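Just so you know, the protein sequences line up as chains A and B, in that order. First residue of the first sequence: 1, per my numbering; consecutive thereafter. First residue of the second sequence: 1, per my numbering; consecutive thereafter.
I should point out that these hints are in silico values taken from the structure, not numbers from a laboratory. Don't take every hint at face value.
[Claimed, not checked] With a straight-line cut-off of 25 Å between C-alpha atoms, the simulated BS3-like cross-links for lysine-lysine are: (1) B:Lys244 / B:Lys273; (2) B:Lys244 / B:Lys281; (3) B:Lys245 / A:Lys260; (4) B:Lys244 / A:Lys260; (5) A:Lys260 / B:Lys281.
Quantities reported herein were computed from a predicted structural model and do not represent experimental measurements.
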Amino acid sequence: MSNLSAPGASALGDGLFAVFSEFFSELRAAGVPVSTTEVLDATEALRHLPVTERETLKLGLGSALVKNEAHWRAYEALFDLYFSLRVATYGAASSGEGAGLPDAHWLGPQDASVPGTRDLSELAYQALLDGSTEAMALLARAAVARLAGIEPGRAVGPGYYAYRTLRRLDLDGLAERLAAVAGQAGGLEGALLANEYRRRLEQLRTAVDAEVRRHLVSERGARQLARTLRRPLPEDVDFMHLSREELAALQRAVQPLARKLAAHLARRRRRKQGRLDFRATARRSLATGGAPVEPVFRARRRSKPELWVLADISGSVAAFARFTLQLVYALSSQFSHTRAWAFIDGVDEVTELLRSAADMAEAVRQVNATAGVVWREGHSDYGHVLGDFVRGWGNELTPRTTVVVLGDARNNYHAVERWAMAEIARRARQVFWLNPEPRAYWDTGDSVLAHYGAFCAGVYECRNLRQLRRFVEQLA
Amino acid sequence: MASDLPRMKPFESPQALNEALRSVGYLADDGTAAVVFLAQRLQKPVLVEGPAGTGKTQLAKSVAEMTGARLVRLQCYEGLDESKSLYEWNYKKQLLRIQAEQVVRVDGSWEEIEEDIFSEPFLLARPLLEAIRAADPVVLLVDEVDRVEVETEALLLEVLSDYQVSVPEMGTVKARQIPLVFLTSNNTRELSEALKRRCLFLHMDYPSAQRERDIVLAKVPGIQTALADQVVRTVQLVRSLELKKPPSVSETIDWARALVVLGISGLDAEIAKETLNILLKHTLDIERAAKELGAATI
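Bound-form chain A, shown alone (with noise of 0.2 Å):
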């Protein structure tokens, strides 16, 4: 990479360079998608940015490397890994406004002078009231020095140091505290007060988390550290380990997939344009002297394809259920001609559920509370559901009706009922499988899925955001 960048390498020294290049090569080791191109455009983009402006050259940088929202958080970790915890502030400008903080002569763990923790956690507690960032940067900072016990040397991720930070601070307690707050204020200003406490709380962990980072770039450097603290990119993450914050990323990934995937169940191989009208063309042609300049034609028919999606939330997929229920909830508010079914042992149509619900927690908790899911015992029944369905619904499907069933078939060995897959194939247009199981398992154990996947039009892997993209992107 360094001989292509060599326009750009020269007029930033070295040095610099050095460390540029060594950051796009981990960018691309953290996955972040980055090509030649966008290397060299992030080389020249540094000729033009302010370098001593960390937030400005953030910006910038990212706006030449990062295309993608859902990276932006992998980006930033990773420069500020290498470019602003690097930097040292201590003491500077920490004498300003800070809340009522003393200078920074107490930030050293050997000072005698130092507040003592419940000193310490009393400040959060005022820094917070207050919202000053500046207090909280100071606070954090602090915090970590005198609660976090870095050892030197000791080989544990920056999390544990900072939990330890937390817990010492004891968080809990402040937010108890300072829900009491907000509960006194009562009415509008309370449920505004929660809310931003909350987001200060926030704003302290991050801190927190950054200032714990600092300590451990000096000490590890930006490279070692960036491995210990490399995640998979929201595309990657298995549905079945997805955190909270994951789970309200994906939710906002999922809606314009399924708004492709509606799009592209809805085109249909035609022609770009209609047929021509020829007497449309005709009479325009008079216009002209006869002579047919403007040719005319048909408007396009739009088809109204139909979704029918089943969603098997058993125990053993419960957290891919989740997220089933996600995209099944995404797709009914993009496109109307979605139906949905939850299954267990029993099967129960969740359409009107899932349109009514206000959001994705009120969907969850209303499917598994008033859905007939559960038959008999409340282990996967797939040969009973498909049954059931058929006779329930089948003779509903159309020709239009395409079918995604998500679920394992782990049928717990139950009888398997290929009839009613063979029935629900013969009357839909299409049925795709997603299974969530990697694809070694499929068909060991009691996995039924060859029965089943041999009427499907694609059975697919699907436990990532990138493997459900592909699903969709195939289907065009």
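On the provided structure of chain A, position chain B as indicated by the hints.
Chain B alone, transformed into the frame defined by chain A:
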């Protein structure tokens, strides 16, 4: 590129750019200013992505206003094609020209006529070609680029990377000056890698409370600071909920305006709930937000 053409003045620094934007009433954050600054320096298009109503289109308009450049806008929609985005031959005029030939009997071979009817006067320039051919400084806005099909996206590539348009009958039309290009997307579908690679990427999210308050104060005449503050804080709370359609900045402004017109000087839960329908457009969202506005939970 001829040097005697009027050129757009280069921006001095991101800060200067930000202040200039402020002077035309667009309150940008630092990231936006940095990216627009870079776009001009690197002569690259900016792809602005983000939820509806965060000021993506307005950014292009404001940059045009600020620099005194002409705004050329291409509104994308499903089914947009070459003849609507790049250029089209003026078929009728060509036909007339040929017929005139027959009537007047001017001496001329077919080659001459052909050369004649496939020349500039018979070309209908659509926004992309128009932006390229312009002699004056131009800001090209390709609005809602996520609405066109993937195949159509390819049309943009030549324009965006080389600032030229190939017209088979005439050859290549090169830009006489490099226009500043903005593409906006609501991210309803993933754009192609090829397109993204050619652009600088700017994600425009809802503004911070601070900035939104500045916007409300600037856009709503006669509003008290205290009310603006309450309005913005409430909107921030509403946005943190899981809604079908979170309120956009323009909806915040509408709400603030309505409150001013109603003569309300301070918000409480009741007033907020009664006027939520200005801020939110889905019944379910309104119910959801109304429930949340009276409850203090962390």
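Compare the structure with the hints numbered earlier in the document and write down the numbers of the violated ones, lowest to highest. No hint contradicted; all consistent.
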